Structures are given as structure tokens and as C-alpha cells.
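Enquirer: Okay, here's what each chain looks like letter by letter:
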Amino acid sequence: MVSSVPNSAPEPSTDSADRRAVLRDALGVGLATGAYGVSFGALAVAGGLSPLQAQVLSLVMFTGASQFALIGVLASGGGAVSAVLTSWLLGARNALYGLRLAPLLAVRGPRKLAAAHLTIDESTAMALGRLDREPEARLAFWATGLNVFFWWNLATLVGSLGASALGDPKVLGLDAAIPAGFVALLWPRLQDRQSRPLHLAVALAGAAVALSTTPWLPAGVPVLAAGVVAIVAGLRDPWSGRRRTS
Amino acid sequence: MIWVAVITGSLGCLLLKVAGVAVPAEVLDRPVVRRIAGLLPLALLAALVAVQTFTANGHLLIDARAAGLGAAVVALLLRAPFLVVVATGAVVAAVVRALGWLP
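As they're listed, the protein sequences go chains A and B.
Per my numbering, the very first residue in the first sequence carries number 1; after that it's consecutive.
Per my numbering, the very first residue in the second sequence carries number 1001; after that it's consecutive.
Bound conformation, chain B alone (with noise of 0.2 Å):
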């Protein structure tokens, strides 16, 4: 299932790219659009940080995760480079699990 998933995801991927540069540009070039499709990315960026943080297995709750996404944003607020926010993200959740603070 995974290959499956992999395999239509990256075809499906290359095919927008493509559909980019060969489409004539009437129909896609419309200023709704442009707008919807830099609104997405926000839009499920961001449900995803609020999915993989705070729930698990279709409930709601608060966990270890909760506090790596903490200490990721402190980090971003500080500047970080990329793999820095995710190891801090990482290193945060497992601490605070490993003394048992939160599952």
C-alpha cells in the first residue's frame, strides 16, 4: 500500500509540474487560482502540524508532541536552521517523555 501511495503521489506530482509548463496559460493563469493555490499550502501545512501534534488514532490529546512542537517554534522564533527546529522538536518530545511528564 505504501508503494501505491508512493508511486501515484509522485506521478501525480510530476504531472502538475508538467501540466505547468505545457498548459496554455488561460487555463490556469486566473487570479482565483493563483490565490487558492498559494492558500493551500497554509491552510494544510498547518493541519497537519495541529494532526501529528495532537491526536492520535482519531483522538483528540496532548502528549509528548505537544511539547516538541513547542520548543521547535521557540526555536524558529530564535532563527534556527531546518534541521535544528526538527532535532530540537525531537530531542524535546523524548526528554519529556523519557521523565515521564507527558506519554
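Extracted from the complex, chain A is given alone in its bound form (with noise of 0.2 Å):
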């Protein structure tokens, strides 16, 4: 249909041609990230959380790298204050997202609040994207925001409650089910060719820290001491490889 349209109108049905795709893209990534809200609701249960808390989560945490953790710490035996720390120092990022974000949607007010909770990593990498024509960009940014918040939360609700009519944990294999889905959360931040040896360095040395302070230091606190690693290893400005004095 989009390609019917003939020249001698170009520039407006162009225009909605093109927001009709960036509709639809947000749509596609709403979708997608909806079967990780789905894996969330029931991990969520699976880890202990009633489906209200994971719901909760959903909707006001709402950045997934940072719910997983906190369920994952508490499910492993992790104390409460562990678990926090690692959602929070995950959920970092999204702030230095706001930050990049924040000249181009120039919203004041109540409008500012809802933009801070849309900033995660979908709704970023929508707008990032389409910098080049600003109009298109604000419209991936609320559309793929509000998208994925519809349905990742819909698809936490039918994940609590479906692992909620479900049996035991472990027989079922969701204990296994956790760091399958880190690891999937890991996955793509490995794949880039040129951060791919920093980045698969820093996750390594990550793992190992943990392993190796686990018998020794109370549940989740290893997870957090592999933090130092990331503080370290950014320390070093790799473009230069002298340490920043400032």
C-alpha cells in the first residue's frame, strides 16, 4: 500500500508513511519483550514474590535487567538489602539514558515524570535511532515506551498467574530457568565486535568475582562485589589506556 503512493504527493503521506512504521516497529518491540514478561511473572512466583509484588515491579520498577536481579538475589537466599543494591546499580544506566534523551523530548511537568519512566533500554534505542528527523524520534520514544509497558506488564500478570497454578519449582526446572534468562539478558551486550573483548573481559572477571567471594560473604554480596569490576575496569579510559585523574 505504502509504495502505491504517488510522487506528486511526497512529503505528507511520506511523513505518515513513515510514522505508520515507527507505529509499527514499537509495536514489534512490545510484542517481543512481552515473552520476557511473561518468563518475569513466572520466575517471579517461581523466586517467592506473590504475583502482586510482581506486578508491582512491573509497573514501577519497569526496566527488566533490574527486576530479574532483584528476584534472582532474593530467590538465591540474598537479603533484601543486596537484592536493592543489584536492581539499583542496574537500573544506573537508565539514568545516563534520561540524560541523552532529555534535550530531544524538552517535556516539562507531569509529561517529564512519564518520560523518566519510559526510559529503558527499547524505548532508547527507538529514539537513538531516528536522531536525524526529531519529530520521528519523540514518536518512537512514547510509542515504543508506552508499547512495551502495556505488554510487559499484561505479559507479567499471565506469567504470575500461570506459574502460580504451577507445581514445584524445581522439578519443573525454573531454578534453571533464572540464569537462563541472564544469561539471554547477557547475550546481546556480547555480540558488538568492537566492545566484545572489554565486554566479555568485564563479564568473566564478574563471574569469577562472584564465584570465588561466595563462600565467604553472605548471599547476594558476591553479585555486588562483582560491581567493582565494572567501577574498575570504566576507571581506565580505553582510548588513551592512562588512568583518569579527574
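Keep in mind that the hints were calculated from the coordinates and are not lab data.
The model shown is predicted, which means the values in this text are computed figures rather than measured ones.
Heads up, a few of these hints could be off.
Stated by the list, open to error - Which stretches of chain A does chain B cover? Using the computed rule of at least three CB atoms under 8 Å from a CB of chain B, they are: (1) 18–26; (2) 88–95; (3) 147–157.
Unchecked claim - The following label-pair restraints were derived from C-beta to C-beta distances: (4) A:V228 / B:V1095: 35 to 41 Å; (5) A:A106 / B:W1101: 54 to 60 Å; (6) B:L1011 / A:L161: 24 to 30 Å; (7) B:A1022 / A:V171: 43 to 49 Å; (8) A:G48 / B:L1015: 23 to 29 Å; (9) B:H1059 / A:V81: 18 to 24 Å; (10) A:F150 / B:W1003: 23 to 29 Å; (11) A:D18 / B:L1099: 52 to 58 Å; (12) A:A114 / B:I1062: 42 to 48 Å; (13) A:L146 / B:H1059: 40 to 46 Å.
Ideal Cβ positions, reconstructed from N, Cα and C, are used throughout, including at glycine.
The two chains are supplied separately, each in an independent frame; assemble them into the complex guided by the hints.
Expert: Next up, the structure:
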């Protein structure tokens, strides 16, 4: 349909075609994240949360890796403090996304709060990928953010209620589903050819620190200790190799 | 205790998002902050994978979860979607356990 638009009136029709493409992509991303959401809801309940607690995480925390981390640390016997700190550390990247998006979105008041809440991996990637055309980039941000919010929460509900109806998590292998979910979250971050050596080194060192400190530290704390690896590696400037002084 | 973690964790993550759009750019927009924030998910997710697969009650061990993780990695190499990866990990661990190959 779109390709048959006559050339005599390209401006408005091209714009609306582009807008439709953005909305279609946003729906696609939303549906894809819904699949994570089902796993999240199911694993949260398998890890000992109630469906309501899982839903509060998806509604208010609304940032996947942090949510998985919180339920993962609690499920492995970690305390609330280490579970919360791990989720915060993983959520810190959203602050940097907001920083980059703020000039594009240029919103105030309640819309600013809504924009902040919808600032996640998916909405940021969709908006920053279209920075050459700002109205489309803004549309991509809002459409992706709202789609992901809707489908993520609906899927969480389906997953948590579904898992409540199931039996013993260990018989179903759900204790292995949590690390499988984490490795699936980690995977895309190791695919970029240029950053892969550094990212792989940080991931392996993080795993090594966590495993080697497990016998000595309370549950949950080894994961936080692994965060030190990221800080040490990040303090080094990859371009000059010199240690930054500021 | 779970509620405390759920609520403080959620509010903290929301506050981080609000900080991003509300704080003056100079405070956060430094290369070193950006690098650390970019590397944190890698170290933490890898640590979570390791701890959730190879430890139980403060001990290192290999059980059916390791088989599940191996199967999940194979699924990722075959470009399976998220839900399939998670389900593969669970099913393989359950089967290995049911067969008595690993606890």
C-alpha cells in the first residue's frame, strides 16, 4: 500500500508512512518484550514473590534487568539490601539514557515524569536510532515506551498467574530458568565486535569475582562485589590507556 | 521483607530514571560515568548467571542447573528468542534431574 503512493504528493504521505512504520516497529518491540514479561512473571512467582509483588515491580520498577536481578538475588537466599542494591546498580544506566534523551524530548511537569518512567533500553534505542528526524524520534520514544509498558505488564500478569497454577519449581527446572534468563539478557551485550573483548573480559571477571567470594560473603553480596570489576574497568580510559585523574 | 525489597528497589530505580531527565547534564555526563554505567550490567549479569548456576547456600557446586545453562547458551547460539532460551534451560535441567544424572 505504502509503495503505491503517487510521487506527486510525497511530503505528507511519506511522513505518515514513516509514522506508521515507527508505530509498527514500536508494537513489534512491545510484543517481543512481552515474551520476556511472561518469563519474568513466572520466575518471580517461582522465586517466592506473590503475583501482586511481581506486578508492582513491572509497574513501578519497570526495567527488566533490575527486576530479574531483584527476584534472582531473593530467590537464591540473598537479603533485601543486596537485592535492592543490585537492582539499583543495573538501573543506573537508565539515568544516562534520560540524560541523552532530555534535549530531544524537551518535556516538563507530569510529562517529564512519564518520560522518565518510560526511559528504558528499548525506547532509548528506538529514539536514538532516529535522531536525524526529531519528530519521528520523539514518536518512536513514546510509542515504544508505552507499548513495552503495556505488553510487559500484561505478560507479567499472565506469567505470574500461570506459574502460581504450576507445581514445585525444582521439578519443572525453573531454578535453571533464572540463569538462562540472565544469560539471554547478557548475550546481546557481547555481540558488538568492537566492544566484545572488553565486555567479555568484564563479564568473565565479574563471574569469577562472584564465584570466588561466594563462600565468604553473605548471599547476594558476591554479585555486588562483581560490580567493582565494572568500576575498575570503567575508570580506565580505553582510548588513551591512561588512568583518568578527574 | 520481600515487600521492602520490592518497594525500595522500585522507587530507587524510578528515582534513577527521574534523575536522568532532571539533573543538569554536567553532573552525570562524564565519560567515566558513562563507561562504568555501560559496564555494570555486564559484570552484574555475568555474576548473577554464575551465582545462580554454580552455587547453593554459600557453596560452589555443579548440579542440573549447569546443564540447563549449557542448553540455554546453545539456544542463544541458534538465535532462539528469549522465551525459548528460558524454556530450554528449564526443560533440560528438569530432564537431567528426572533422569538422575545430576542433582
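Enquirer: The structure should be examined with respect to each hint, and the outcome stated for every one.
Expert: Outcome of the hint check:
Counting residues of the stretch 18–26 of chain A whose beta carbon lies closer than 8 Å to any beta carbon of chain B gives 0, which falls short of the minimum of three for the stated coverage. Coverage of the stretch 88–95 of chain A by chain B holds in this model, with 8 residues showing a Cβ closer than 8 Å to a Cβ of that chain against a need of three. As drawn, the stretch 147–157 of chain A meets chain B at 0 residues by the rule of a beta-carbon pair under 8 Å; below three, the given contact is violated. Distance hint for V228 (chain A) and V1095 (chain B): a CB-CB separation of about 37 Å, consistent with the stated range 35 to 41 Å.
The hinted range of 54 to 60 Å is satisfied by A106 (chain A) and W1101 (chain B), whose Cβ atoms lie roughly 58 Å apart. At roughly 25 Å, the beta carbons of L1011 (chain B) and L161 (chain A) sit within the given window of 24 to 30 Å. Range check, A1022 (chain B) to V171 (chain A): Cβ separation about 47 Å, and the 43 to 49 Å hint holds. For G48 (chain A) and L1015 (chain B), the Cβ-Cβ distance of about 25 Å falls inside the hinted range of 23 to 29 Å, so the restraint holds.
For H1059 (chain B) paired with V81 (chain A), a C-beta distance near 22 Å keeps the hint of 18 to 24 Å intact. At about 25 Å, the beta-carbon gap between F150 (chain A) and W1003 (chain B) stays in the expected band of 23 to 29 Å. Taken as a hint, the range 52 to 58 Å holds for the pair D18 (chain A) and L1099 (chain B), whose Cβ atoms sit roughly 54 Å apart. For the hinted restraint 42 to 48 Å between A114 (chain A) and I1062 (chain B), the CB-CB distance of approximately 46 Å keeps it satisfied.
A hinted range of 40 to 46 Å for the beta carbons of L146 (chain A) and H1059 (chain B) is consistent with their spacing of about 45 Å.
The structure does not agree with the numbered hints 1, 3 stated previously, though it agrees with the rest.
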